[in-house]
Every structure is written in C-alpha cells, then in structure tokens.
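Novice: So the protein sequences, as listed, match chains E and U.
Residue 181 in full-length UniProt numbering sits at position 181 of the first sequence, with consecutive numbering throughout.
Residue 38 in full-length UniProt numbering sits at position 38 of the second sequence, with consecutive numbering throughout.
Quick list of in silico lysine-lysine cross-link-like pairs, DSS-like style, CA-CA up to 27 Å: (1) 10/U <-> 91/E; (2) 85/E <-> 237/E; (3) 338/E <-> 10/U; (4) 54/E <-> 4/E; (5) 296/E <-> 266/E; (6) 110/E <-> 85/E.
Beta-carbon label-pair distances, calculated as ranges: (7) 10/U <-> 335/E: 24 to 32 Å; (8) 296/E <-> 2/U: 42 to 50 Å; (9) 61/E <-> 84/U: 45 to 53 Å; (10) 21/U <-> 421/E: 23 to 31 Å; (11) 71/U <-> 296/E: 54 to 62 Å; (12) 369/E <-> 84/U: 36 to 44 Å; (13) 243/E <-> 77/U: 33 to 41 Å; (14) 87/U <-> 335/E: 14 to 22 Å; (15) 64/U <-> 272/E: 49 to 57 Å; (16) 2/U <-> 272/E: 25 to 33 Å; (17) 42/U <-> 448/E: 37 to 45 Å; (18) 82/U <-> 33/E: 36 to 44 Å.
Think of the hints as simulated: they come from the structure by calculation, not from any bench.
Ideal placement from N, C-alpha and C gives every residue a C-beta, glycine not left out.
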Amino acid sequence: MHNKSVAELSRELESGKISSVELAQQFLDRIKREDSKYNSFITVTEEQALADAKSADELRAAGNATPWTGIPFAHKDIFCTNGVKTTCGSKMLENFVPPYNATVTENFRKAGAVCLGKTNMDEFAMGSSNESSHFGPVTNPWGLGKGEKRVPGGSSGGSATAVAARLVPAATATDTGGSIRQPAALCGVTGLKPTYGRVSRYGMIAFASSLDQGGTMARTAEDNALMLNVMAGFDPKDSTSLDREVPDYTATLNEPLKGLRIGLPKEYFSDELSPAMEEQVRAAVKEYEKLGATVKEVSLPNARLAIAAYYVIAPAEASANLSRFDGVRYGYRCEDPKDLMDLYTRTRAEGFGTEVKRRILVGTYALSAGYFDAYYLKAQKVRRLIQQDFINAFRDVDVLMSPTTPSPAFIQGEKTSDPVTMYLEDVFTIAINLAGIPAMSVPAGFVDGLPVGLQIIGDYFSEARLLNAAHQFQQVTDWHQREPQ
Amino acid sequence: MTISREDIEKVAVLARIRVDDEQVSALESDLGNILDLVDQLSAADTDNVEPMAHPLNAVQRLRPDEITETNQREAFQAIAPATENGLYLVPRVIE
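Could you build the full structure based on these sequences and the hints that come with them?
Specialist: What follows is the structure, encoded as structure tokens:
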C-alpha cells in the first residue's frame with residue numbers, strides 16, 4: 001500500500017479492500033520502522049490518527065466519504081494543530097500546543113483526512129537544507145544506499161523526505177523562497193507553490209508575510225491537485241487571502257498539451273547550471289515538444305537581482321513577525337530573568353537558532369533609521385521590476401520552464417558555514433515568490449543517481465494549467481515513480 | 001560592505017537579542033557577506049518605479065464591525081510560561 005498514490009488509496013478505501021484504520025496503522029508502522037534513518041517527523045500522532053481513521057471508516061460506512069476520507073498524510077510543523085505540538089522546528093516553540101487549528105489543518109480535518117504527524121523543517125522555515133531545525137537535520141532518502149548523507153532541501157525537507165521515503169503519500173508544505181520546490185526537486189517528488197493568497201495563511205506560523213505561501217507535496221501531480229482542492233480558497237480570517245473562484249483542479253488534468261507555449265528563461269540556463277543538470281532539463285522540455293508544445297527562449301532581465309531583493313525583504317518581515325516571541329505569552333522563556341530587558345534578550349538568544357538570529361539582525365538593520373530607503377524600499381522597487389519581467393514573458397508564452405535547483409542534493413554540512421553560498425541554492429525559485437506567481441517542481445531525471453527537478457512556472461492563478469502540464473508529463477515519464485533504495 | 005562591531009551591538013539591542021563577544025565577531029563576517037550580496041540592488045535603476053507591497057495590489061479588507069471572537073483567555077493562558085490571577089507574569093518593571 002505504501003507505494004500507492006492518494007488517488008489509488010482513495011479507490012482502495014472506496015472498494016473496501018482496506019479500511020482507514022488498517023491503512024493508518026500500516027503507515028504508522030512504516031514511520032516507526034524507517035524514520036530513524038531520516039528524522040523527517042518531529043511528532044507522530046499515533047493515537048489521534050487511529051481515532052480519526054476509525055471516524056473515517058464510520059463516515060464511509062454511512063455513505064459520507066470524500067476523496068480524502070481516511071487518507072493518511074502529514075502536516076509540516078508550521079501549521080497550527082489544535083491540541084498537537086507545533087514547533088516550527090524551533091526551541092522557542094518546543095512545547096507549544098496551539099489552542100486552535102490553522103485553516104489548512106481545519107480543511108483537511110473536515111475532508112476526513114488522517115494526519116499521522118508533523119514533519120521536520122528548518123527553524124521558522126529559514127533554510128535551504130533542513131539543517132537548521134532544533135530537532136536535528138533531516139536526511140534525504142536518496143544517496144543513503146551509497147552511504148552518503150545528503151540534505152533533502154529546505155525548509156519543507158521533512159515533508160519531501162516523508163513523501164519520497166513512502167512514509168506518507170502526501171504532506172503539506174510552505175514556500176517563502178523555494179521551500180516547497182527545492183526540497184521536492186532534491187527528493188524526487190512533486191510540489192506546488194500556489195499563487196500568493198490562494199491558500200490561507202491563517203494559523204501558518206509567519207516568516208515573511210508577503211512571500212509565505214502554503215502548498216502541496218506528493219508523488220504525483222494528480223495528488224497535488226487533490227490536495228489543492230482541499231487547501232485553496234478564500235478565508236476571511238486571513239487578510240491576504242484572495243476572494244476568487246476555486247476550480248476543481250482534477251477536472252483539467254487530462255487536457256491535451258498541443259499548442260502549449262513554453263518559454264525558457266535564458267537567465268536560468270546560465271553558467272551556474274551544471275551541464276548534466278541542463279541536459280536532464282532540456283530532455284524534459286523535449287518530452288513536452290513531443291506532446292505538442294512549442295518552445296521559445298525568453299528573458300527575465302532582472303532575475304539576477306532576486307536573491308538580493310529577497311535577502312532584504314524576507315529578513316525585514318521576519319524581524320517584525322518574530323518579535324512576538326518574547327517569553328511572555330507562549331513558547332520558551334529563559335530561567336530567572338532579572339528584569340524585563342533580560343527576559344526578552346536572553347529568551348530570544350537562547351530560544352532562536354543561529355540562522356534565525358542572523359536573519360532577524362539583518363532585517364532589523366535593513367529597517368533601522370537611515371537604512372530603510374537604501375535597503376527595504378529599494379528591494380520593494382526591484383521586486384516590481386522582477387514582477388514586470390514575468391508579466392512581459394507571459395504575454396508570449398503560457399508557462400516558463402527551468403531547472404528547480406542549480407545542482408542535485410549536496411552532502412550534509414557542506415554549506416552550513418557559509419550562509420551566502422547556501423542562499424544561492426534558491427537562485428531559480430526566489431523570483432517566483434517575489435512576483436507571487438505559482439510554480440511547481442516535477443521529477444525530471446537523475447544526475448549521479450540523485451533526482452533532478454523541472455520547474456514549471458505559471459501566470460497568476462494558473463495552478464490548473466501547471467497541474468495539467470505536470471500530469472501529462474507524468475503520463476509519458478516515470479521519474480516520479482522511482483523509489484530511493 | 002563592512003558592518004562594524006558597534007552596528008551589530010546596536011542592532012542586537014533593537015532586535016532584543018543578546019549577543020556575546022564571540023558571536024559579534026562571527027556576525028561581523030556573516031552580516032558583511034550578506035550585505036555585500038544585497039548591495040547588488042544599488043546597481044538597479046529604480047527611478048519612477050513603484051515599490052511593490054503586494055503582488056496583486058490588494059488593499060486591506062474591512063469586515064462588519066461585529067464581535068466574532070469568543071473569550072479564550074483560559075486556553076491562551078494555559079500555554080503561557082507564567083501567569084497568576086488571569087494575568088501574564090513578567091519581572092517587576094516599576095519599583
């Protein structure tokens with residue numbers, strides 16, 4: 001069962017070949033047996049999961065099942081779960097048990113899905129390798145066969161690893177600068193970052209509010225569509241949520257791709273990309289041509305400024321968002337503070353990890369008197385230029401395609417001492433967050449036995465088109481079916 | 001770009017994060033490198049460019065002026081590090 005997709009498991013449950021309780025137990029046993037190799041879960045909610053699975057079986061028996069009733073899955077530990085520890089990968093929230101559900105959590109609960117636990121992540125979603133979690137690094141299931149411990153990518157590396165290692169068929173994830181697509185690429189799974197505002201951010205612990213977006217991670221595009229059907233939609237509790245009609249994302253998966261216009265941004269096929277990676281990505285684009293798509297080169301002239309703009313805007317917003325962690329109302333508090341300032345400064349020094357502190361300090365610096373115009377305002381103007389590049393490109397093409405990452409998964413510890421080198425891991429993904437458009441990563445080959453991701457980028461609210469393009473690719477390739485040994 | 005020790009100490013106070021001497025030295029190098037990366041922005045011509053706060057130019061939504069939240073004080077205080085008589089406890093501020 002663990003090799004089946006969400007869509008297949010849904011059919012198995014519907015046919016009565018297996019019950020929700022049996023299915024949950026199988027995956028829970030697998031997590032217990034296998035996850036010590038990966039550390040992809042922070043919390044496993046066995047008791048709650050089995051109770052929810054029992055309720056799902058009762059719902060199905062009463063004829064009230066949805067496609068998600070009884071389907072096991074996991075939440076990234078950034079989504080608040082009522083009564084279940086939600087840590088965001090941080091010592092600061094090590095024992096935080098929210099008294100409410102995030103809207104995404106609530107939507108899956110209402111759909112009857114069975115959450116098996118919370119997946120590991122870079123602390124407060126800051127990282128590109130999943131090495132900054134207070135609960136230890138996550139290990140990519142790929143490369144282990146050769147005795148190599150490689151990173152799964154970050155910050156949704158726990159979710160990507162859990163899906164790739166067949167510990168769950170699907171998991172929620174979030175993407176601020178590439179945190180869904182980069183780990184999806186490095187672990188050989190399919191991940192979608194929707195349009196900014198498409199999925200509610202209510203109860204999703206904030207890192208950079210104008211960039212953060214919840215999204216989906218599973219092995220197939222079809223499963224991503226099933227997930228987005230549950231997650232997408234207007235939420236009055238989130239002031240950045242957009243009131244737009246939500247289509248059925250599974251309805252258009254099988255539309256033919258004949259006539260699809262693909263743009264290849266020349267800036268994303270630069271010297272930073274290894275020839276082996278480029279070969280795999282261009283081979284994937286050839287498959288699209290065989291399916292009837294046309295291809296042309298396009299330019300995103302300001303793409304080279306994306307990382308610089310991101311590393312002003314994201315830390316600036318993080319410095320504001322993380323000011324709430326002060327040791328007063330919830331979370332970690334230092335021992336015996338001597339006065340209020342000591343309480344704040346020691347709580348935050350002890351509760352936050354190195355990368356989080358680094359980004360808070362950069363953000364505070366960029367927002368401080370005398371630097372605001374030169375850094376923050378300038379970055380927001382550059383962001384407009386980057387957005388305009390995409391708007392111009394989508395006048396001529398329907399989707400853009402590029403590599404998701406410049407290289408396959410790297411060895412753990414290889415880049416931790418140099419934050420700037422680590423930041424460059426998101427070189428092909430960050431501009432998409434700045435513009436707020438949707439993008440996917442789809443498994444598209446291997447280099448040295450490690451997965452390669454193809455990034456498909458779309459115009460605002462074109463998730464259905466992206467899922468259609470990914471699904472059609474997965475009908476003629478089997479990269480997404482490969483299992484790490 | 002270089003960032004001075006004094007700058008880091010000042011920013012750490014603003015950010016309410018205690019940093020010791022050893023950390024300041026490491027931060028000098030790390031933050032300097034990050035600001036070097038960020039300095040690429042100065043090369044961009046942004047004259048007459050509108051800053052972008054929201055990708056879809058959304059505006060703050062207003063809701064009817066009605067009470068929608070119920071009182072959950074006990075639930076919220078149950079997860080606080082220190083409370084007493086329904087109040088959050090902090091070190092004494094006024095002697």
